[in-house]
Structures are given as C-alpha cells and as structure tokens.
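Could you put together the complete structure from these sequences and hints?
From first to last, the protein sequence lines are chains D and R.
Quick note: the first sequence, position 133, residue 141 per the working numbering, numbers continuous.
Quick note: the second sequence, position 333, residue 341 per the working numbering, numbers continuous.
Worth flagging that the hints you see were computed from the coordinates, not collected in a lab.
Worth double-checking, as some hints may not be accurate.
What the hints assert, rightly or not - Listed below are several chain D residues computed to face chain R (Cβ distance under 7 Å; list not exhaustive):
| no. | residue |
| --- | --- |
| 1 | S125 |
| 2 | L126 |
| 3 | E323 |
| 4 | L330 |
| 5 | G383 |
Unchecked claim - Computed list of chain R residues with no C-beta within reach of chain D, every gap over 10 Å:
| no. | residue |
| --- | --- |
| 6 | E59 |
| 7 | E72 |
| 8 | E87 |
| 9 | L126 |
| 10 | Q354 |
| 11 | F365 |
| 12 | R404 |
Backbone N, C-alpha and C fix where the C-beta goes; we use that ideal spot for every residue, glycine too.
Protein chains: 2
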Amino acid sequence: MSAQNKCSRIDQWILEKIYRAAGQPSVRLELRNSAEVSPRGALPVANIVIEDRKTLLRLLIDLEAEFGDAYSEGRITLEGDLVSALEILYGSISQGEHHGWYVKLVSKCMEYAQRNSLRGSRRNIQRHYDLNTAFYQLWLDPQLIYTCAYYPSSATTLEQAQVAKLDYVCRKLRLQPGEQVVDAGCGWGALALHMAQNYGVIVRAFNISREQILFARRRAKELGLSHRVAFIEDDYRNISGECDAFVSVGMLEHVGREHYRDLGSIIHRSLSKTGRGLLHFVGRNHPLPFSTWTRKRIFHGAYAPALGEAMQVFEPWDLSVLDVENLRPHYAKTLEQWLARFEKSQQEISEMFTPEFTRAWRLYLAGAVAGFRVGTLQLFQIVFARTACQQIPWTRAHLYTKEQHGERETTWMHATS
Amino acid sequence: MSAQNKCSRIDQWILEKIYRAAGQPSVRLELRNSAEVSPRGALPVANIVIEDRKTLLRLLIDLEAEFGDAYSEGRITLEGDLVSALEILYGSISQGEHHGWYVKLVSKCMEYAQRNSLRGSRRNIQRHYDLNTAFYQLWLDPQLIYTCAYYPSSATTLEQAQVAKLDYVCRKLRLQPGEQVVDAGCGWGALALHMAQNYGVIVRAFNISREQILFARRRAKELGLSHRVAFIEDDYRNISGECDAFVSVGMLEHVGREHYRDLGSIIHRSLSKTGRGLLHFVGRNHPLPFSTWTRKRIFHGAYAPALGEAMQVFEPWDLSVLDVENLRPHYAKTLEQWLARFEKSQQEISEMFTPEFTRAWRLYLAGAVAGFRVGTLQLFQIVFARTACQQIPWTRAHLYTKEQHGERETTWMHATS
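Following this line, the structure appears as structure tokens:
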C-alpha cells in the first residue's frame, strides 16, 4: 500500500468518526481531494468540504468549536443553504449529544473565565454590544431592537413586529400612567422610550454597554423624553429604589446561571407591594450550555436557561409566576429577517470588519435561525407579580383585543408631565 | 399565689407562645375561661377559642395539624368568618414559617407512609374520591367537575365556568376531529366526554378511583359516547399506545414529587411526533408540602409543586413548554361557590357523615378558598408539545375569539363515527 493510499484511509476513518459524532446528518462531508462520507438513503442537504488535514484533526477533538472557527476562517466551505444545513446538523447532533471530557473541561474553564462578576459582565457585554452601532444599524430595525419581535399576523413587517413586541410587553405588564418602571438591560433604549411615550410611565433603564447608553440618551433627547426616561450606565445588581414594574428583555441570557437568585433578590427588593414584572429571554427545553464556539466568538459568558432553571429567579422570593409564553417561531422569523438584511449589507460590513468576522456572524445568525426552527432554542416571556398584587387581569383576553395592533386610541404621553 | 393562678399564668405563657408561632395574626386567641391574647393595634378578624388545656398543649407541638383536628372535633371554636380568619392565619403563618424538628419528622414519615407507589396511589385516591358520589353531587356542578373552573366574565355561573374550562382546555390543545387523546386522571369523566362530543376525538381516560370510573361509564352510555370514550380503571404508569394529545387535569397533585420524571416518561412514550399536551394542577410559588393535617385528613399523599419542580415532568424528555397560565383567582372563585353549596347542604351531609367529618371538610374548603385568595396556592395550566410539533398556533389570540363562550358553530360529534 502506498503512503498516499494509507493516508487516505486514515483520513477516511477520521472523517467517518466525525460523521458519526455529528449524529450522521444528511449532509455530504468531504476532506478536500482525499476522503468523503455521504448520507445513506437520503439526498445530502449540503456539501461540507474540510480544506485541510489540520482542521480534520481539530474537528475530531472539539466538533462544534472547530466547525465554527474553520467556517469563519475559510478552512471549511459549505455548498448549499447554510440555514438548512445547520438545521440538519442541530437535529442530528442533539440526538447523539455526548461531549467528551475535553470539551466538557474547556466548557467549564470558559464558564469560569467568562464568569459574570460585576467586572466580568461588563467585559462580556462590551465585547458584543459595543462593537459598532453602525454595524447593527445595517441589519436591525431603525429602533435597533435586538430581541425577538412579535408577529400578530404573517403580513407583519420586522419594523411593525418590533413595535408590536414593545406594545405586547407593555400590555402584559398592564402599565398605568405615572407608574415607576425599571428596565434592566435596556439595549438601545427602544422599550424604555416606548413605555414612556405611549404608556405615560417614568422609566429608569439600566445597561452596562456604554455605546448603547449613549445612543439611547440621544434618542431620548430627540424625542423630548429625557425627563421621563433615565438611561443609567450600571449593572442590574446596583439597581436601588422602588418600582411598580420590573422589565427585562434579553438580559437574562447574560446574567449567568449562578446569578439567577441574585437577580431575583434585586427584583424582590425593587418591586412595590403590588408590583408586576416581565422577563423575556432565550431559553432551552433542557439545561445545556451554549457551544464553546458561541461563547468564545459571539456571546461571552452567556447561558440560555431551561424554565426550571429560570424559576430560581422567582421561587426564593415573594413573587408569583402568572404567565409564560413561548415565542419560538417569532424568533425564527425575526432572525430570518435579520440574516437577510445582514446578507444584503455584505459590502458595508466588509468595510467595517474582517472576512473572518463577517463569516462568524453569518454563522451565528444562521445558526440562531436554525436553532429556533428545530427547537434547540426557545424564547420565553414570563409575567410575574407580587403575590399580593391585585392588578392581575381576570383573563388574558385583553392582550388580544383589536387595539393591540397600534390602534390604541389613548396615549398617555402627557398624562404625568 | 394560688394553684389556679399559677396555672393561669402558665396557660397565658403557652397561649402567647402559640400566638407568636402563628406569626401574631389579627385574631383573638382564648383558652376557655383561662387566658387570652389579642392583636395589638388591630381589630381581631375572629375569636378563636381553645376549649381545653390538652388542645392547648398539642397546638404547641404541631400547630397546623392540631388546629385542623381540634376544629373538626369541636375542641376549637371559631367566632367570625372562617375564610377571613384562615386568610389572616395563612398570611401570618407563612411570614414566620419555621416548622420544628418534630413537625418535619412527622411530615417526612407521612410522605413515606403515603408514598405514591402503584398500590399506595390507589389507596390514597380511594380515600378521597371514592367517599360517596352522592356527597360530591351536593356541592359540585351537575357534571361533577372537581377542578378549577374558568370564568371568562364575572357573571359566569359555576356550571358555565366549568364548561368554559373544558372548552378552554380543548382549545389550548387545538384538538382536531379523529385525533387520539389520553386523559390521565379523568375524575368523573366530564372532560373526556366533552372532548369526544364537541371535538370529535377518540379518548382513552384513565383513573384509579373505581367510583368515578363507574359513574363516567354510565354517563358515556347515556350520552351515546361509549364507542368514542373508553374509561379505563388503571394507573397513569400503565398507559400504553400512542396519542396525539395527552391531557391531565387535577392529577399532578396526586403523582407525588418523586414521580414527575415517571409521568414525563409516560407522556414521552405516548405522544406522537406532533403531539401536544396539557397539565392542569394546584401549584405553589415555592416548594412546600401540604400541612400534615391536609395529608392526614383530606388529600393523602398529595403534593402541589412549584413550577420549577413541575418542569421535571418535561425537561428530561423531548417536550417543549409552550404556555403556562396561572388561574389562581379562578380557583378562589370556584371554591367559594363549592363552599357555599356545601354549607347549603348541611342537612344532607350530616345524614351521610359524622359532624367531625363535616367540620373537617368545611375547614378544607374554606382553607382552600383562603389559600387561593392570599396566594399560598396557585393553579397552573401548562401547554406543551413535541419539539417538532408544527400545530403550534402563531399567537394565543384564537383562545379569545368570540366563539370561546359556547358559541362555537361547528361541533364534531359525528365527524368520525
């Protein structure tokens, strides 16, 4: 047997091992010019080509992390629809999900290195949200709402769906003019401004991303809402004072599972005796960390909890869960639209960042679409209240009356000014 | 100091100790002709009279259990509104909730003695549900629906609210004609019959209460639904075969917290790839067993889980939680109406049971009203589905369209017969 032949046989053996570790997905896997595996009895959804032997060996050690990095660096090329391929991969990997000791060790070390202490959280958040607001403006809606939208009908546009989401959150909270609201992890400020403008409440909005806070303050000024919305650059753990409603949209993923009780204690300390609140977050059906790739390249220190884990926020305190809604299909749709805009903005993005960055972010967005489609990711909205709160509606019908879709007659804009 | 005087002083000391253990509620506490404690700076809501010293001493050892037994046996009398007094007591006891080692030990022993093995469950269930159907007919609605009703408006009667609940459950499940449904813990059969009659589904309904199964079979025959609804006298752990929807209303409380995973495995084994399900159960804001009195006299082996505990049903399996609704105010109202009917049926009940039994059941019903009012008890409906289920509605608006309140135009009665 020639040396080349022997090499090819080893390549083939490794490739097949990787293919089995990935749960034998319906994709064709190839090591460029050397070995290949095709799915049995099914047409491959995509053709994944590993460009060199180093990548092949690394995939053997940490499949998910190396797939991400190699795809970003062009050491893996994918022919076919990226989202469809990832749907297939997520479906098959989660079936045979057994991380080796090495991946588990890396995952644990990463969890420690990226722990969400006061300083650690700031570092984790800045690495994602302080990238460049102009970059996010290329593919988010004009208000820069970077969380799951809500589509009352299939004809709703992204812009409408984001406003519908803001309104849906306000309705779930049953905000009343003059009430004090805390918005923990306020992003670029759209929800805080919407609440003040349309529901007449006073908002203190917290965020540790400086870029986002500065942007939000400018918008508040432009809208003439600076006297009603305070954008505070601080950690949720430093929130003081009382509020009637506590809302947090898209922050729990960054709190870290070791801090749910802390978040609960802040809510407990802040909420008035009749207070209500809402948490909106990416969750899971089962407890499972994000891949090491996601935590290394995209969301540092992030964790999406299963509902059982999220209950640690509420159960140690005088808080009662009233309503949980899973909006998973809405986030799949939101992300599809972000991804499409992202692809359309290739030119501008390539002028801002390296090709590796662009490919990594394409993989992240496509992976999120796939995750919400196949159900490895969920989106939960939890409404809660003090046990003694009497402002609990008798049914949820009020959320679905006609006025919901921006046809509300009264706005409370000047009610308390 | 005379012996009598000395005795009185000891009585007073014990009474005050009990009063503090109860969290200093706004009630007047008296040991007949000997000692008393009144709330400071507040008018007492009720006057609780302990009739003898033996009861006083027992209260010192196990407050909740002895209060229940002494009230039932007439060794404690209560002047004032029972529900209001219990609301005050629940509010104050839960604030200073510290069970001594003795109560904790009794509670643990009871948990073991009443464990929900196949045989244990049957014994536990029979002690409550096989009492006497005629008794339940005195104070439940005509269909004998012994779970929380759903009141779309405040004018809804108990009978209407129970039918509205059945319909609400069916709508949450999005039942389609011809589908196979498992009803685990079917009570006297009202839901199973409603689903078959109005949604055209085929139901297998399980229950280990013989009385209830016999009653349900008679009703199925009367309604001409025997070919569409099978009432099976068996444990949920013995459910086999596949179904499109798995529903369980008021059974999880009897499953026991050590068996949530087992229940989940049965659901996982039964549900088709596109299956959905609903659990409806009494829950808690925090993990906490029922009082030993409740478990000794009313619900043997019962446990009302916090949501975090209930997630153990779903999270080990391929199941996704879609919707959780807390219907606590609806159960307070349902129980108020049961209690009122119970009181009206004093004469008939006293002919069936001893005065002790009647008082114990009055205390149980009044205590449940109080518990749901003050929030020591919650009522959760959880909708779940297979992760791959595509029959998930885009929003929950369909639950609140006009046809909800019995105005549905189509019934599926003969769709599959």
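Checked hints:
1. S125: Given a least distance of 25 Å, the restraint on S125(D) is violated.
2. L126: The hint is violated - L126(D) has no Cβ within 7 Å of chain R, the shortest such distance being about 27 Å.
3. E323: holds, 5 Å
4. L330: Nearest chain R Cβ about 5 Å off; hint holds.
5. G383: holds, 4 Å
6. E59: holds, 34 Å
7. E72: holds, 20 Å
8. E87: Non-interface label stands for E87(R): nearest chain D Cβ at 27 Å, farther than 10 Å.
9. L126: Per Cβ check, L126(R) is outside 10 Å of chain D; nearest 27 Å; holds.
10. Q354: holds, 31 Å
11. F365: Holds, because the least Cβ-Cβ distance between F365(R) and chain D comes to about 32 Å, which exceeds 10 Å.
12. R404: Given a closest Cβ separation of 7 Å, the condition is violated.
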